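This is what each chain is made of:
Protein chains: 2
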Amino acid sequence: MKAVNLKEKLNSFSDYWNPRIVGRLNGQVVKVAKFKGEFIWHKHDEEDELFQLISGQMKIAFRDKTVILNPGELIIVPRGVEHKPMAEEECEVMLFEPESTLNTGDQDSDLKRDTLEEI
Amino acid sequence: MKAVNLKEKLNSFSDYWNPRIVGRLNGQVVKVAKFKGEFIWHKHDEEDELFQLISGQMKIAFRDKTVILNPGELIIVPRGVEHKPMAEEECEVMLFEPESTLNTGDQDSDLKRDTLEEI
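Keeping their order, the protein sequence lines are chains A and B.
Going by the numbering used here, the first residue of the first sequence is number 1, and it counts up by one from there.
Going by the numbering used here, the first residue of the second sequence is number 1, and it counts up by one from there.
Hints listed in this document are in silico derivations from the structure and should not be mistaken for laboratory results.
Quantities reported herein were computed from a predicted structural model and do not represent experimental measurements.
Be aware that one or more of the hints could be misleading.
Identical copies go unnamed one by one, so any copy, or any two together, can satisfy a pair.
[Stated by the list, open to error] Simulated pairs of lysine-lysine, DSS-like, Cα-Cα distance not exceeding 30 Å:
| id | residue 1 | residue 2 |
| --- | --- | --- |
| 1 | LYS84 | LYS2 |
| 2 | LYS2 | LYS43 |
| 3 | LYS65 | LYS2 |
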């Protein structure tokens, strides 16, 4: 058991849309990622997904609205809801979700990451 | 679906050791709490528990060591591990744990909170 410093973890890599695992509990994982640009529209049929902003600004598009997230804010995207993460400039994010969650959800894409690095 | 501002939620109450629920996902809850002083030794037999520091400083005592948490840091306490949260000055914390988690774990105490407010 030790303290996990999110900023240190985030400083250890620089690529976008490639989450790393930094913790596990109760069948869920804690991940960190850097986002820049536009991801793809997707949904997770069986998993709710939490995004917490660490630095920068993130937008998350839904079919009927777009929500802006600033540092200290989080959003929970319920299973089955289509969404598209976006960031005009680089942002840093923490995610909580079940271990089974694929980053691209129900979509096949070059952006899919089947196995995530644990850091 | 909307952004949850953790600081706004924390500014809406002032008592210690009384977590509020700010989100739910996958059978887990996201809580925020203010801590000051010493809590009691306890463990959760069935639940792993995550503490993330939002402001101030928290110490978490284990039987063999004490871990200090600063803002931007988190710790995961595995089920079955005795721990005692402490804070010399007020600190603000986000918790992530199963809905079934009691704040005092296996211990009976006046500090037990059976039902938590949702804010």
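Fill in: Structure versus earlier hints, numbers of those that do not hold, lowest first
The structure breaks none of the hints.
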